[in-house]
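Construct the entire structure; sequences and hints are all you get.
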Amino acid sequence: MNYFTAFLIVAGAGLAAAGAALLVQKFVEADWRREHHDVGATVFLQLGVIFAVLLAFVFSESWTEYNEASAAIDLEVGALHGAAMIAATLPPAQAKDILTKTKAYLDSVVQDEWPVMATQRGEDLATDRKLQALIQAVANLNADDSTAREKKTEILSLLTQAHAQREMRIFQADSGIPGVLWTVLIGFELILAAFVVLSGLRYRASAAMVAGIFTTAVTSILVVARLLDYPFEGALALHATDFVSVVSKVTRLITPIG
Numbered sequence: 066m067n068y069f070t071a072f073l074i075v076a077g078a079g080l081a082a083a084g085a086a087l088l089v090q091k092f093v094e095a096d097w098r099r100e101h102h103d104v105g106a107t108v109f110l111q112l113g114v115i116f117a118v119l120l121a122f123v124f125s126e127s128w129t130e131y132n133e134a135s136a137a138i139d140l141e142v143g144a145l146h147g148a149a150m151i152a153a154t155l156p157p158a159q160a161k162d163i164l165t166k167t168k169a170y171l172d173s174v175v176q177d178e179w180p181v182m183a184t185q186r187g188e189d190l191a192t193d194r195k196l197q198a199l200i201q202a203v204a205n206l207n208a209d210d211s212t213a214r215e216k217k218t219e220i221l222s223l224l225t226q227a228h229a230q231r232e233m234r235i236f237q238a239d240s241g242i243p244g245v246l247w248t249v250l251i252g253f254e255l256i257l258a259a260f261v262v263l264s265g266l267r268y269r270a271s272a273a274m275v276a277g278i279f280t281t282a283v284t285s286i287l288v289v290a291r292l293l294d295y296p297f298e299g300a301l302a303l304h305a306t307d308f309v310s311v312v313s314k315v316t317r318l319i320t321p322i323g
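For the sequence shown, this note's numbering gives the first residue as 66, with consecutive numbering after it.
Source of the hints: derived by calculation from the structure; they are not laboratory data.
Note that the structure is predicted; figures quoted are calculated from it, not measured.
Just so you know, even glycine gets a beta-carbon here, dropped at the ideal spot from N, CA and C.
None of the hints are false.
In silico lysine-lysine, BS3-like type, Cα no more than 30 Å apart, as pairs:
1) K161 with K217
2) K314 with K217
3) K161 with K314
4) K216 with K166
5) K314 with K216
6) K166 with K217
7) K216 with K161
8) K166 with K314
Computed beta-carbon distance windows for the label pairs:
9) Q111 with S222: 49 to 57 Å
10) S125 with N205: 41 to 49 Å
11) S222 with P157: 17 to 25 Å
12) V245 with E215: 50 to 58 Å
In structure tokens:
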């Protein structure tokens, strides 16, 4: 969902509620609406509390998952950059092999995996194989002395962290609020909006304004929660900027080796 679509949904919901309020003001007697005002207000408050709890849960869950995906990206690129910096201190042949494989994985994440996460909410298998090849290359390094063994161990530790964070990133790409819960929330919003539309307000302008503002406000919160729901798609999608930055840093590490 892009910003324009989100705006159309919010504006359309508000205008529809305002229009419905005007129709109610025209065709439903004000006295009849006032007769049912007390009962309607009580039911509205009870349903409103339930809706508020559900909405708070959904928004909190969406925001938490969005931040977890962002944190996974930061931790993954940090671990990969750290592994690359240590790898650059290895003998030239080993360093070039490890750094080249690191760059190949980073390039694949940016060019291949990111579009897959945005469109299919999954991983790119070729990218996964490149990370496996990188880890295996480090595991197979010949470490003849204690210093080399320490470097190998540290690089493997960082790559293990990167792999774990990649798994978290992939998990968050496909982790969203269940459709049933969205259906319940939308149903609650429609019911609450109907209560507002049928309120006992006397003047048409006031009734239309109250119904429009209420529906617009609630819809806007639902739309923002939906934009946050899948962190790699839509207007608020997380981008591969950090990976692109690390690609350039790894490239600079490779250049002196030749």
